[in-house]
Structure formats: structure tokens, C-alpha cells
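Novice: Listed here are the chains, written in short residue letters.
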Amino acid sequence: MIYIKYFAKYRELMQMASEELLSNCNTLAALKLVLRETYPQAGTMLDDPRCITAINQQIVKSDSTPICPGDEVAFYPPVSGG
Amino acid sequence: MTVVIRPEDFDIATEHAELSRANNTGAVVIFSGQVRPQGEHGELVAMELEHYPGMTETSIAAILKEAEQRWPLGAVRVIHRIGRLVPGDNIVLVGVAATHRPAAFAACEFVMDYLKTRAPFWKKEITKDGSFWVEQKQKDTEAAARWQTDP
Chain A
1273 MIYIKYFAKY RELMQMASEE LLSNCNTLAA LKLVLRETYP QAGTMLDDPR
1323 CITAINQQIV KSDSTPICPG DEVAFYPPVS GG
Chain B
2 MTVVIRPEDF DIATEHAELS RANNTGAVVI FSGQVRPQGE HGELVAMELE
52 HYPGMTETSI AAILKEAEQR WPLGAVRVIH RIGRLVPGDN IVLVGVAATH
102 RPAAFAACEF VMDYLKTRAP FWKKEITKDG SFWVEQKQKD TEAAARWQTD
152 P
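Residue numbers (the working numbering), protein chains in the order written: chain A, 1273 to 1354; chain B, 2 to 152.
Next comes chain A alone, as it looks inside the complex:
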């Protein structure tokens, strides 16, 4: 199981805050492909060059980053707190 979280405008776009994905994808690229195939609107988020991805709460840059069962993958826009 992979635990996916969406925040702020991506939470609204995906119409959910989180989901659990039963998947055997083993890289971030493979996960993104699954999301694109599952949700027509996912491209809007994944094609956004400012979309930030964090795996187990660490920001990752490369689509070849491995994903293992039990991992938490988050997608979020640039932060605006403070």
C-alpha cells in the first residue's frame, strides 16, 4: 500500500486529501503514471513545474526516486505560511 496525500489547491483539484493506493509501482515516475491513468485531472498537478513532491516527508526532485510499500507520498504547491 502507498499512502498519498494532496494539499491546498491540489487537494481541491484531486477532490480528496489522501488515498491509499494498492500498487506495485516502484518509482515516482511509475506512481505518477498510475495517477494520470486513474484521474483525468492529475495532469494539471503533475505537469505544474512548481508542484513539490515529498516521500516520507522529504522533498524529492527525481522521478526515478524509488517508492516502496508503506511509503507516504505527498504532492503540494509552493508553501505560503507565516
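Where hints are given, some of them may not hold.
Here are the computed lysine to any residue pairs in the SDA-like style, where the Cα-Cα straight-line distance is at most 25 angstroms [unchecked claim]:
no.: 1; chain 1: B; residue 1: Lys66; chain 2: A; residue 2: Leu1300
no.: 2; chain 1: B; residue 1: Lys125; chain 2: A; residue 2: Ile1324
no.: 3; chain 1: B; residue 1: Lys66; chain 2: B; residue 2: Glu110
Because the hints were derived from the structure by calculation, they are not lab data.
For this one, chain A is given, so just place chain B on it according to the hints.
Specialist: Below, chain B alone, put in the same frame as chain A:
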């Protein structure tokens, strides 16, 4: 160091008293940020603050640890509110205690600049015409970037 993320307000006098008690304190600097009445899309009805539980706390703790490595600090506290706030409400407090004021001033700015650009919080402005996500500002990115070249 203390990091608190919560819906409830904070009391600046209480926070100041706590910071003052740190070891050999001679200077306390407190920054507080509040909701402006005028947002980017007009008069605000409310502001909604969302965060990434867990990652927010650890990312702020990392920022505070870096501040402690750069300056000799007696204590440092961050309180960031979440949920629905209205104009005039407190949003964030950064408090720093040090023996002398240069470290306290610098560390407070450093923590605030990094908080703006690294900690996973998002703001949404609610106006009578609709609601709008607040975009990250270029000047905040630039403010944080200066710490990378000017330690």
C-alpha cells in the same frame, strides 16, 4: 527549542516571559504576524490555514536547529496557528532569546524567512467574491536566499 502548531491563539506576554527565563538572556526578539484586513483579492472575510501534519513540525525544527548552529541562542520558539482566522488575528510568533541583541535579531529574521519558504503551510483568502489560494511571493524567496550567501 519549541514548535507548536495549533488553532488556538497565543499570548505574547506569556511567550516573552518564557523566553526571558532562558540561560543568560540579555535580549529577547519576538516577531508576530497577523491577518491583514486587505488581501490580494480585496477585503478579507477570513483566512484559512492548512498544513502538512508531521512534516511541518519536523521542517520547522530543522530550521530552528540551523539557527542554533549559526547564532548563540538561549531559546527559540515558534507558534503557528492553523484553521480559520479573521483579520487582526495572530497567525505566527517567532521568539528568540540570546545573550546579546545581534544574534536575537538575526535569528528571528532567519527563522521567519525560512518559515515562509520551507514550512508546508498554505493560506487561502476568503473574500465576499470567492476564495483564493495565496501564492508564494518572490520577495519571500529572495529574503530566504540571502541567508545562503550571508551567514
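Novice: All hints are to be evaluated individually against the structure, with a verdict given for each.
Specialist: Cross-check of the supplied hints:
A hinted pair counts as satisfied when its Cα atoms are at most 25 angstroms apart, and Lys66 (chain B) with Leu1300 (chain A) does not qualify at roughly 30 angstroms. Between the alpha carbons of Lys125 (chain B) and Ile1324 (chain A) the distance comes to roughly 18 angstroms, so the proposed pair stays at or under 25 angstroms and holds. In summary, the hint linking Lys66 (chain B) to Glu110 (chain B) is supported, as the alpha carbons are separated by about 14 angstroms, within the 25 angstroms threshold.
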